[in-house]
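Visitor: Produce the complete structure using the sequences and hints provided.
Going down the list, the protein sequences come from chains A and B. Convert by adding 369 to the 1-based position in the first sequence; the result is the number in the working numbering. Convert by adding 369 to the 1-based position in the second sequence; the result is the number in the working numbering.
Source of the hints: derived by calculation from the structure; they are not laboratory data. Since this is a predicted model, take the numbers as computed values, not measurements. Even for Gly, the Cβ is constructed at its ideal location relative to N, Cα and C. Do not take every clue at face value.
Unchecked claim - Some residues of chain A that are not near chain B, with every Cβ distance over 12 Å (derived):
# : residue
1 : 559
2 : 564
3 : 634
4 : 746
5 : 763
Said to hold, decoys possible - Taking beta-carbon pairs under 7 Å as the criterion, some of the chain A residues facing chain B (in silico):
#  : residue
6  : 379
7  : 467
8  : 468
9  : 514
10 : 517
11 : 624
Protein chains: 2
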Amino acid sequence: MPVAQAKIKPRADDYAQWYQDIIQHADLAEPAGVVKGCMVIKPHGYAIWEAMQGDLDRRFKATGHKNAAFPMLIPMSFLEKEAEHVEGFAPELAVVTHAGGKELEEPYCIRPTSETIIGHFFAKWIDSHRDLPLLINQWANVMRWELRTRMFLRTSEFFWQEGHTAHATHAEAEEEVARMLDVYRDFAREMMAMPVVRGVKSAHERFAGALETLTIEAMMQDGKALQSGTSHDLGQNFGKAFDVTFQNAEGEREYVWQTSWGLSTRMIGALIMTHSDDDGLVLPPRLAPIHVVIVPIYRKDEERDAVLEAADRIGAELREDGLRVEVDKRTGMKPGAKYYEWERKGVPMRLEIGPRDLEQRAVMSKMRLAELDERGRPVKEVLPWDGLGVEIGKRLDRFQEELYERALKMREDNTLLVDTWDDFVAAFEGSKSSFVYAHWDGTTETELAIKEATKATVRCIPLEGEGPPVETGKCIKTGEPSAQRVLFAKNY
Amino acid sequence: MPVAQAKIKPRADDYAQWYQDIIQHADLAEPAGVVKGCMVIKPHGYAIWEAMQGDLDRRFKATGHKNAAFPMLIPMSFLEKEAEHVEGFAPELAVVTHAGGKELEEPYCIRPTSETIIGHFFAKWIDSHRDLPLLINQWANVMRWELRTRMFLRTSEFFWQEGHTAHATHAEAEEEVARMLDVYRDFAREMMAMPVVRGVKSAHERFAGALETLTIEAMMQDGKALQSGTSHDLGQNFGKAFDVTFQNAEGEREYVWQTSWGLSTRMIGALIMTHSDDDGLVLPPRLAPIHVVIVPIYRKDEERDAVLEAADRIGAELREDGLRVEVDKRTGMKPGAKYYEWERKGVPMRLEIGPRDLEQRAVMSKMRLAELDERGRPVKEVLPWDGLGVEIGKRLDRFQEELYERALKMREDNTLLVDTWDDFVAAFEGSKSSFVYAHWDGTTETELAIKEATKATVRCIPLEGEGPPVETGKCIKTGEPSAQRVLFAKNY
Numbered sequence: 370m371p372v373a374q375a376k377i378k379p380r381a382d383d384y385a386q387w388y389q390d391i392i393q394h395a396d397l398a399e400p401a402g403v404v405k406g407c408m409v410i411k412p413h414g415y416a417i418w419e420a421m422q423g424d425l426d427r428r429f430k431a432t433g434h435k436n437a438a439f440p441m442l443i444p445m446s447f448l449e450k451e452a453e454h455v456e457g458f459a460p461e462l463a464v465v466t467h468a469g470g471k472e473l474e475e476p477y478c479i480r481p482t483s484e485t486i487i488g489h490f491f492a493k494w495i496d497s498h499r500d501l502p503l504l505i506n507q508w509a510n511v512m513r514w515e516l517r518t519r520m521f522l523r524t525s526e527f528f529w530q531e532g533h534t535a536h537a538t539h540a541e542a543e544e545e546v547a548r549m550l551d552v553y554r555d556f557a558r559e560m561m562a563m564p565v566v567r568g569v570k571s572a573h574e575r576f577a578g579a580l581e582t583l584t585i586e587a588m589m590q591d592g593k594a595l596q597s598g599t600s601h602d603l604g605q606n607f608g609k610a611f612d613v614t615f616q617n618a619e620g621e622r623e624y625v626w627q628t629s630w631g632l633s634t635r636m637i638g639a640l641i642m643t644h645s646d647d648d649g650l651v652l653p654p655r656l657a658p659i660h661v662v663i664v665p666i667y668r669k670d671e672e673r674d675a676v677l678e679a680a681d682r683i684g685a686e687l688r689e690d691g692l693r694v695e696v697d698k699r700t701g702m703k704p705g706a707k708y709y710e711w712e713r714k715g716v717p718m719r720l721e722i723g724p725r726d727l728e729q730r731a732v733m734s735k736m737r738l739a740e741l742d743e744r745g746r747p748v749k750e751v752l753p754w755d756g757l758g759v760e761i762g763k764r765l766d767r768f769q770e771e772l773y774e775r776a777l778k779m780r781e782d783n784t785l786l787v788d789t790w791d792d793f794v795a796a797f798e799g800s801k802s803s804f805v806y807a808h809w810d811g812t813t814e815t816e817l818a819i820k821e822a823t824k825a826t827v828r829c830i831p832l833e834g835e836g837p838p839v840e841t842g843k844c845i846k847t848g849e850p851s852a853q854r855v856l857f858a859k860n861y
Numbered sequence: 370m371p372v373a374q375a376k377i378k379p380r381a382d383d384y385a386q387w388y389q390d391i392i393q394h395a396d397l398a399e400p401a402g403v404v405k406g407c408m409v410i411k412p413h414g415y416a417i418w419e420a421m422q423g424d425l426d427r428r429f430k431a432t433g434h435k436n437a438a439f440p441m442l443i444p445m446s447f448l449e450k451e452a453e454h455v456e457g458f459a460p461e462l463a464v465v466t467h468a469g470g471k472e473l474e475e476p477y478c479i480r481p482t483s484e485t486i487i488g489h490f491f492a493k494w495i496d497s498h499r500d501l502p503l504l505i506n507q508w509a510n511v512m513r514w515e516l517r518t519r520m521f522l523r524t525s526e527f528f529w530q531e532g533h534t535a536h537a538t539h540a541e542a543e544e545e546v547a548r549m550l551d552v553y554r555d556f557a558r559e560m561m562a563m564p565v566v567r568g569v570k571s572a573h574e575r576f577a578g579a580l581e582t583l584t585i586e587a588m589m590q591d592g593k594a595l596q597s598g599t600s601h602d603l604g605q606n607f608g609k610a611f612d613v614t615f616q617n618a619e620g621e622r623e624y625v626w627q628t629s630w631g632l633s634t635r636m637i638g639a640l641i642m643t644h645s646d647d648d649g650l651v652l653p654p655r656l657a658p659i660h661v662v663i664v665p666i667y668r669k670d671e672e673r674d675a676v677l678e679a680a681d682r683i684g685a686e687l688r689e690d691g692l693r694v695e696v697d698k699r700t701g702m703k704p705g706a707k708y709y710e711w712e713r714k715g716v717p718m719r720l721e722i723g724p725r726d727l728e729q730r731a732v733m734s735k736m737r738l739a740e741l742d743e744r745g746r747p748v749k750e751v752l753p754w755d756g757l758g759v760e761i762g763k764r765l766d767r768f769q770e771e772l773y774e775r776a777l778k779m780r781e782d783n784t785l786l787v788d789t790w791d792d793f794v795a796a797f798e799g800s801k802s803s804f805v806y807a808h809w810d811g812t813t814e815t816e817l818a819i820k821e822a823t824k825a826t827v828r829c830i831p832l833e834g835e836g837p838p839v840e841t842g843k844c845i846k847t848g849e850p851s852a853q854r855v856l857f858a859k860n861y
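Guide: Structure below.
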């Protein structure tokens, strides 16, 4: 595929362009162009999504969920059964009006989310309290027609998982909502090396049709927040809309209590904006499609065979140690050009192997974020062939942890407690953003007024222990009483 | 979920009803009803698809393919760029005419297959012979509006993988087509325990837009053939339609040579109709979501704790041995009812454990297709706790192999060489079908005349070594010369 020629725009110069450049230079995706607002996820980007899917799927199954598949088309009338739901989603629907050469009697929409169609089937499947809890997940593509799109962050078609569960009591449903939020938090922490704030969405930002929406919010390098996964307490709203009832132990019929929770390809955008730098993508090893790239180096033809043989052998040995390894044997391309390409693609570790290394039974290694020495050259490390896989494993584990610590420090350095309106406005001046904990009177009216004035919104009301210590105070904007500080930021 | 009450209709009485009953009783899927021609794949059915996906995905990656994701919507004009392609697919399209509250300037169809949209992107990605071969696979849902649907076999929306590759020469593309056909054959053999005939499709049955379509055809228990995977030599047809060119080593621009190949959720239908019996689903262990179900048996409360503890412990040990195990601890349900349910769901092996087994440090085991003893009761086997995982593993391996042998024998018992038209007609009388190798003059006209008279079609022209020894002869219908016998059968 043609190699992008231009350089990556530095973050400090144009953050939005930097983000797009990373995607292009790391060959993750490209805008579909001919299909409005959609994208093509290219192999390197899709491999990251597969790594995310594999890990999340294990977590969902470990918590008792099973995968299933529901139709991608939903009768338009289904959306209308839940009043808030249709109001939230109607403007974004893609509608199928013709099929099989005929106009349809009732049009279908392509699912923007599946609460309605799944509610319809839950009503058929659930009869007794013995059928509960019903714990289902679906990996799917969904469609929300977006006017302003941005790769991974907001596209008309996107990929996600949507969990849908039904319970006998509200308490059990609330436990599920919290459990799955924690699964998302753990995934973000352990796999993405991304710290998040868990909290409750304001009424204005709640999922259309939910009683309550919980969220994990992550800070991007420009100080903005990215909603990274949401878990909804649907109450009995969809149960009533789709007549999902069960016979309880006393023989009475009740509506079920439902939840839904979702995480999407948007997380690839979050990954980019959490860790990457002006040299390209930076990937946490646990999600990196390639852990280690081996670049063979030789000048003369007589060196060639021995070096390539050693590179292949080391590659095979490391694969046996469970590492994902690429041996870059392309000809007609200088080592430096290869280094540059793999750095941009975010491979965590590079091994260089040349004739001298063969004699010394060693390789030269370089980490993706290696520090520079006094001469401005990246610090490299000689690693012996013996025990190489173990040593690399240690360095990848350390790299994973360092990325998390770095992201956490970035967030801490950009988090403020603000108590005056002037300071609040100053924190969001121009293109500035940070995580600002401030008091709010809890009304949508005030939330919208703050947004109007600063472009900052209530990202969440932090759960206990997530934000600063809980204390009462007065709303930053209206002076009305506030029970606790909430998290404000500009957002994606 | 409500348990189906009615019995499974025996195959001999009503084969089509038997097939539907298996799906219902094994809880694999159900018709969507409200979305025409679509189905819901329920957890037990979806787990089989996940097992298929996992294995195929490894095979695709081992042969150098990478996954990617392309838009599910395709501009209608794209379909029209390849004349045969649009003719083949236009009648089955679902069309999106409105989105985001507005009528679209150009309607989109939901992909019936992705050669066109992928051709569009291949044209952007391929520039030089160094970019070739380009080996892409996509796991996706597709939509073909079907009038007569049947769960798994033919539904409007279905799930599949579609491989799309581009090569510098026709020879390389032909190698790829054959390679992926063999991957399908191996998957069918090794995972599905399903023998297949590899062959070339007649012109009439060829993929719309291909030079040649290769197929694997399997015999179902009613003697009909099921096309189970296809691999297409697209020649330069889509290359020319979408201007996919590359600069060759001599600096000249050429059109690429493309292939595509697909296998779908239809394979779950094939699995059902290859192995299942009148008692329910029969699953080859390598694709079974549950290898072993453990049913604890106790009469008195004082026996209960010890039996459940042993069942859980054995379950945990077997899981450590890599087995997929379910311990059925449901209360208020007799062991016999549990046996019946798990048999219908196709679990290959059942373990029963009661108080006496605790004393003897053993379990009673029963295979899904256990023979009956002289008193008409299924043969069971006592297995000691020590080394249980290994012993179960051996029996599952043997069961996998027995299923293949049984399916192969069924096919051999129902395969005929036919040389007269009368015998041919007799072979397909009424609802009868078998695999009939007979001579054909190679024309579509004759193929259609044979279909008209007998409902049998040319399933494939077998590759060398797949059918009977190659010999010339005279067409069964017209008496015109024929180069080799071809495979006839009624089909799904």
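Visitor: Take the hints in turn and mark each one as holding or not.
Guide: Hint check:
With a closest Cβ-Cβ approach of about 23 Å to chain B, residue 559 of chain A is found to remain outside the 12 Å limit, as its non-interface label requires. Every beta carbon of chain B lies more than 12 Å from that of residue 564 of chain A, the smallest distance being close to 28 Å; the non-interface claim holds. Its beta-carbon lying about 9 Å from the closest one in chain B, residue 634 of chain A breaks the requirement of being farther than 12 Å from that chain. Once the 12 Å rule is applied to beta carbons, residue 746 of chain A is consistent with being away from chain B; the minimum gap is 30 Å.
Even its closest Cβ contact with chain B, about 27 Å, leaves residue 763 of chain A beyond 12 Å, as expected for a residue assigned away from the interface. The closest approach between the C-beta of residue 379 of chain A and any C-beta of chain B is roughly 27 Å, which is over the 7 Å cut-off, so the hint fails. Using the Cβ-Cβ criterion of 7 Å, the hint placing residue 467 of chain A at the interface with chain B is satisfied: the shortest such distance is roughly 4 Å. The beta carbon of residue 468 of chain A comes within 4 Å of a beta carbon in chain B, closer than 7 Å, and the hint placing it at the interface holds.
A hinted interface residue such as residue 514 of chain A counts as satisfied when its beta carbon comes closer than 7 Å to some beta carbon of chain B; here the least separation is about 4 Å, so the hint holds. With a cut of 7 Å, the hint placing residue 517 of chain A at the interface with chain B is violated, because the nearest CB-to-CB distance is about 12 Å. Contact between residue 624 of chain A and chain B, as hinted, is not supported at the beta carbon level, the nearest pair being about 18 Å apart and thus beyond 7 Å.
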